[in-house]
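Asker: The lines below spell out each chain.
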Amino acid sequence: MSARDEVLRRVRTARPSAPVTVPRDYRAVDEGDDLVELLVDRLVDYKATVRRCGPHELAGAIGELLSDASAAVVPPGAPPEWLEAYQGRVLREPLAVADLDAPGVAVLTGCAVAVARTGTLILDAGPDQGRRALTLVPDHHICVVHTGQIVGGVPEALARLADPTRPLTLVSGPSATSDIELNRVEGVHGPRRLDVVVVD
Amino acid sequence: MSGGNIVARLPFPVAARKELGDAQLRANLRNATHTIRDKRLRMVGEVPDWEELRRSGAAIKDDVLSRLPELLTQFEAAATAAGATVHWARDAAEACAVVTALVRDTGTAEVVKVKSMVTQEIGLNDSLEAAGIAAVETDLAELIVQLAGDTPSHILVPAIHYNRSQIRDIFHRNGLSALTDDPPALAEAARRHLRAKFLSARVGISGANFAVAESGTLVVVESEGNGRMCLTLPETLISVVGIEKILPTFRDLEVFLQLLPRSSTGERMNPYTSLWTGVTPGDGPQTVHIVLVDNGRTETLADDVGRQALRCIRCSACLNVCPVYERVGGHAYGSVYPGPIGAILSPQLSGGGANRTLPYASTLCGACYDACPVRINIPEVLVHLRQTGPHPPAERAAMRALSWIMRDRRRYAAALRAARRGAAPIRWATGRRGAVRHLPWPLSKWTSTRDAPLPAKQTFREWWAHERTR
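Chains P and R are the protein sequences, given in the same order.
1 is the number of the first residue of the first sequence in full-length UniProt numbering; add one for each residue after it.
1 is the number of the first residue of the second sequence in full-length UniProt numbering; add one for each residue after it.
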């Protein structure tokens with residue numbers, strides 16, 4: 001008997017017979033607080049830096065955040081106006097991992113949805129986010145969030161995602177470890193610096 | 001039959017006695033467990049619907065266990081349709097053989113690994129090494145443990161038993177240089193050491209926190225970004241997944257992504273969570289293998305009381321609140337699953353041997369049940385396993401005699417009087433302590449790990465009668 005058939009046979013014999021009803025009386029919609037304020041508070045708590053600006057101030061804000069970057073990586077579908085104020089080199093796909101790993105490289109993306117309650121940005125590889133390696137290898141990630149993309153809790157966020165089978169990355173603050181005496185250290189393997197620009 | 005690193009080499013009482021002698025270990029553990037448990041309490045207190053989430057989480061897992069055959073085949077079909085190749089393994093040896101063959105086929109001699117309990121459970125690193133393949137652990141704590149030639153002592157923070165100066169020494173011995181023993185300096189040394197490996201690795205190996213049946217999606221929850229590196233940069237990804245990790249729908253993640261981070265690290269959300277479904281052209285590994293592992297899970301599933309252990313999402317909240325774990329640490333449990341959950345999971349997954357003593361490695365205080373995000377009634381399972389486990393003939397005879405005495409009130413009262421008379425001279429000898437530290441053989445077996453209390457000077461009935469007539 002193949003391993004597959006054997007495991008399935010065992011599971012069929014061993015499983016409980018009573019059907020289970022799953023209660024769903026937890027909070028499905030999370031409103032009430034000022035969700036933008038809440039998201040900013042949670043992100044700052046995770047040692048991300050946050051700037052708020054109007055749509056016409058966005059290019060200027062990004063330019064300032066990128067001031068010490070020697071090159072900026074942008075996904076294929078990022079709006080051109082994001083980089084209007086940036087003077088440095090702009091890198092576009094196709095890119096090798098070595099290009100992303102070069103010193104001084106920052107990456108600029110949007111996101112699919114942001115969760116206020118947990119301070120989480122969800123990337124779904126959409127046109128303004130690109131493939132996963134873009135936001136992983138460079139040391140500095142700048143993420144643009146529009147207030148319309150902010151929801152209260154995790155249930156609303158997952159419900160908003162267009163296609164769950166796309167590669168998804170949930171980011172809550174910069175890379176961190178607590179493995180040494182439980183001291184939180186930001187920046188082990190992912191980007192050490194996470195800047196979030198919230199556009200009203 | 002199952003196997004791998006779930007079976008303890010030493011019975012718990014023997015291993016615990018040795019660990020208890022290490023004062024540094026106890027200090028490190030106390031500091032760590034109290035820090036995490038306080039953080040967890042604060043974060044759980046923020047969530048007004050925590051109990052509702054716990055009940056949903058438990059029910060979703062129970063629903064999965066009752067529909068496992070259908071959900072596993074549904075997962076297999078969806079993952080295959082998305083471009084993954086699904087393999088099955090009955091036990092640890094078979095799972096290791098499947099993974100080893102897959103790595104061999106790629107022709108590489110080094111793989112990068114995401115921290116994963118199931119690969120530790122099946123002893124994958126040793127199997128790969130025997131086949132000439134180096135498995136590099138990339139989680140900082142796992143790396144520390146690997147470089148030290150040690151084994152993990154906690155599910156979530158495997159190097160919890162080391163402090164910073166011990167870690168610097170371990171790094172130093174292995175050629176990783178850190179200028180100081182500050183945690184940021186040590187993390188930086190690990191980052192430099194591992195970055196070259198991430199960028200050149202051709203094969204990544206991971207476990208999965210969840211596997212979604214309807215879409216064939218796998219989920220890995222982590223903090224450092226080493227997981228994202230292993231899941232994204234190599235050409236080939238091999239994910240080893242216990243069959244109980246299935247969730248029916250993508251929506252079910254809304255419950256577990258709320259329960260897991262707050263329970264495990266005491267954070268609102270962990271820094272990084274990755275979800276991937278088969279192969280995505282142009283993004284991440286283009287060859288994806290999934291190995292579904294039984295290794296004792298179906299035996300556990302067959303037990304009406306014990307099967308709730310399969311709800312476990314490996315958050316380790318039960319470890320951090322356990323008075324026994326806090327004093328002896330993870331190594332005393334022998335298995336890769338330590339603490340309260342290990343005390344019920346390990347003996348069920350692996351049957352007898354030294355693991356038979358694990359259900360006794362508990363005070364039955366119930367703190368683990370309160371902390372568990374999926375409401376595993378660990379004390380209930382501990383008592384159940386103690387009842388169904390083997391007992392020495394002397395203990396059985398003593399319990400039979402006691403049961404005969406306690407069935408009749410007059411017999412019971414007479415026995416108490418006799419015990420009190422017998423204890424009178426001992427009470428005088430023990431003074432105020434009121435307990436005996438060492439009894440003569442064969443009762444010394446009882447007092448080797450605990451004091452024997454002396455009978456009370458007066459029974460409650462006697463006290464009551466005396467009070468009434470006063």
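Please note: incorrect hints may appear among the correct ones.
As the list claims (entries may be wrong) - In silico BS3-like links for lysine-lysine, alpha-carbon gap of 30 Å or less:
no., chain 1, residue 1, chain 2, residue 2
1, P, 47, R, 197
2, R, 445, R, 457
3, R, 18, R, 445
4, R, 39, P, 47
What the hints assert, rightly or not - Footprint (simulated), chain P over chain R, 3 or more residues, beta carbon under 8 Å:
no., stretch
5, 28 to 35
6, 87 to 99
7, 113 to 124
8, 276 to 283
9, 308 to 314
10, 319 to 325
11, 345 to 357
FYI, nobody ran anything at the bench for these hints, they're computed from the structure.
Where a beta carbon is used, it is the ideal one built from N, C-alpha and C, also for glycine.
Asker: Run every hint past the structure and note whether it holds.
Answerer: So, going through the hints one by one against the coordinates:
1. For the hint pairing residue 47 of chain P with residue 197 of chain R, the CA-to-CA distance comes to about 27 Å; that is within 30 Å, so the pair holds.
2. At most 30 Å may separate the alpha-carbon atoms for a hinted pair to count; residue 445 of chain R and residue 457 of chain R meet this at roughly 25 Å.
3. Between residue 18 of chain R and residue 445 of chain R the CA atoms are separated by roughly 18 Å; this keeps the pair inside 30 Å, and the hint holds.
4. Distance restraint check for residue 39 of chain R and residue 47 of chain P: the Cα-Cα separation of roughly 17 Å lies within the 30 Å cut-off, and the hinted pair is therefore satisfied.
5. Residues of the stretch 28 to 35 of chain R with a Cβ under 8 Å from some Cβ of chain P number 4, which satisfies the need for three, so the listed coverage holds.
6. With 5 residues carrying a beta carbon less than 8 Å from a beta carbon of chain P, the stretch 87 to 99 of chain R meets the three-residue requirement, and the given coverage holds.
7. With 0 residues having a Cβ less than 8 Å from any Cβ of chain P, the stretch 113 to 124 of chain R misses the three-residue criterion, and the hint is violated.
8. Taking a C-beta to C-beta cut-off of 8 Å, the stretch 276 to 283 of chain R contributes 6 residues in contact with chain P, enough for the three needed, and the coverage statement holds.
9. Judged by the Cβ-Cβ criterion of 8 Å, the stretch 308 to 314 of chain R is not covered by chain P as claimed, because only 0 of its residues qualify and three are needed.
10. With 0 residues having a beta carbon nearer than 8 Å to a beta carbon of chain P, the stretch 319 to 325 of chain R misses the requirement of three or more and the stated coverage is violated.
11. Here the stretch 345 to 357 of chain R counts 0 residues with a CB under 8 Å from a CB of chain P, which misses the bar of 3, and the coverage is violated.
Hint violations for this structure: numbers 7, 9, 10, 11, all remaining hints satisfied.
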